[in-house]
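Sequence lines, in order, name chains F and U.
The first sequence runs 1 to 263 under the numbering used here.
The second sequence runs 1 to 91 under the numbering used here.
Since the hints were derived computationally from the structure, they do not count as laboratory data.
Please note that a few of the clues may not be correct.
Said to hold, decoys possible - In silico DMTMM-like cross-links for lysine to aspartate or glutamate, where the CA-CA straight-line distance does not exceed 25 angstroms:
#, chain 1, residue 1, chain 2, residue 2
1, F, Lys129, U, Asp27
2, F, Lys129, F, Glu112
3, F, Lys11, U, Glu14
4, U, Lys18, F, Glu216
5, F, Lys71, F, Asp189
6, U, Lys17, F, Glu112
Small disclaimer: the values here were computed from a predicted structure and weren't measured.
The primary structure of each chain is shown beneath.
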Amino acid sequence: MSEVIVITSGKGGVGKTTTSANVGTGLAILGYKVVLIDTDIGLRNLDVVMGLENRIVYNLVDVVEGNCRIKQALIKDKRYPNLYLLPSAQTRDKSAVSPGQMKKLVSDLRGEFDYILLDCPAGIERGFKNAVAGADRAFVVTTPEVSAIRDADRIIGLLEAEDMGEIDLIVNRVRMDMVRRGDMMSVGDVVDILSVNMIGAIPDDEDIVIATNQGEPLAGSDSLSGQAYMNICRRIVGESVPFMNLEGSRGLLRRLSGLLKRA
Amino acid sequence: MKLFPRLHRRNSGELAKKRLKAVLSADRTDCSPEMIEMVKEDLVVTVSKYMEVDQGGIEIQIRQEDAANGRKKPALYANIPILNMGNKGIF
Numbered sequence: 001m002s003e004v005i006v007i008t009s010g011k012g013g014v015g016k017t018t019t020s021a022n023v024g025t026g027l028a029i030l031g032y033k034v035v036l037i038d039t040d041i042g043l044r045n046l047d048v049v050m051g052l053e054n055r056i057v058y059n060l061v062d063v064v065e066g067n068c069r070i071k072q073a074l075i076k077d078k079r080y081p082n083l084y085l086l087p088s089a090q091t092r093d094k095s096a097v098s099p100g101q102m103k104k105l106v107s108d109l110r111g112e113f114d115y116i117l118l119d120c121p122a123g124i125e126r127g128f129k130n131a132v133a134g135a136d137r138a139f140v141v142t143t144p145e146v147s148a149i150r151d152a153d154r155i156i157g158l159l160e161a162e163d164m165g166e167i168d169l170i171v172n173r174v175r176m177d178m179v180r181r182g183d184m185m186s187v188g189d190v191v192d193i194l195s196v197n198m199i200g201a202i203p204d205d206e207d208i209v210i211a212t213n214q215g216e217p218l219a220g221s222d223s224l225s226g227q228a229y230m231n232i233c234r235r236i237v238g239e240s241v242p243f244m245n246l247e248g249s250r251g252l253l254r255r256l257s258g259l260l261k262r263a
Numbered sequence: 001m002k003l004f005p006r007l008h009r010r011n012s013g014e015l016a017k018k019r020l021k022a023v024l025s026a027d028r029t030d031c032s033p034e035m036i037e038m039v040k041e042d043l044v045v046t047v048s049k050y051m052e053v054d055q056g057g058i059e060i061q062i063r064q065e066d067a068a069n070g071r072k073k074p075a076l077y078a079n080i081p082i083l084n085m086g087n088k089g090i091f
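Model the full structure from these sequences, guided by the hints.
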């Protein structure tokens, strides 16, 4: 049985593409056959995050318009042979594909793959509707910021209206130091405000920037964010994994300096 | 000059939470923060006739409640801390 997951957020720049790349990579590491679909037509990005930008011949629009077969457009990952990317078209726009065509594409891929991940564009227009059309479940990515959470709330409302089977939250870019000193909402606060199930939280991590520079997602690496992504993947496949402590424990020194500051 | 500039922006996380709750309650119900503020002021005027309330601690929210037909319906929640129960001798 294959599962189709859309990764969405409403707001741009919160880490949808990075999350797609890392969750896809993590599921491949766990041994599943995975395809990542970049549905952001006109603003192609997943290919560079995966480091596969030089291997593109055909794209999503070519497949939908029948210029090639699906298999011709799928790019095999550099490191994991059971991971594939269907890149987006860079020189077309969102209207080149319809929700009906996306549904058909996804259902054609179901027989071949265990997991089909759809990287959704920002916004709530055509691109969002395309990406959501064929999905069984949705991951809503947000950061602990007012604007991102507000958009996430709107997206959750729209997904509920579309009768999305399952909606899970990913809280991205958590700065433990800022949460500790009360200058950032905690993961618990965000979950509480959005009242939706959380599948994982990712710490803000320099290694993510480095990984993106190199075009190699860091899921499976020793870095904190790499572990957090792997935890999400384990939860997707049904394992019960305890949440990483991103609130940060208060050390003696920190507590003392906190007291001094307050005094 | 501020001697401890950090002190003045402490706990901005709490502030974010508070602002977010207000804006989401407006988004979810299509009801503007101004209107909520007016409801709040009218409530204070009304309740103050009978008891002394803590105006700074009042919280007004429109929440989505589960209705009998499985859908959601909005409900007004008001949390008004009382400073002094006794009436002010109006009655």
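Distance restraint between F/Lys11 and U/Glu14, which requires alpha-carbon spacing of 25 angstroms or less: Between F/Lys11 and U/Glu14 the Cα gap is close to 22 angstroms, so the pair holds against 25 angstroms.
Is the hinted pair F/Lys129 and U/Asp27 satisfied, with a Cα-Cα distance of at most 25 angstroms? holds (21 angstroms)
Quickly compare the C-alpha distance for U/Lys18 and F/Glu216 to 25 angstroms and report which way the hint goes. violated (39 angstroms)
Verify the proposed pairing of F/Lys71 with F/Asp189, using a straight-line Cα cut of 25 angstroms. violated (44 angstroms)
Compare the distance between the alpha carbons of U/Lys17 and F/Glu112 with 25 angstroms, and conclude whether the hinted pair is satisfied. Violated. U/Lys17 to F/Glu112 sits at ~44 angstroms, over the 25 angstroms cutoff.
Proposed proximity, F/Glu112 with F/Lys129 (alpha carbon, max 25 angstroms): holds (24 angstroms)
The structure fails hints 4, 5, 6 (numbered hints given earlier, in ascending order).
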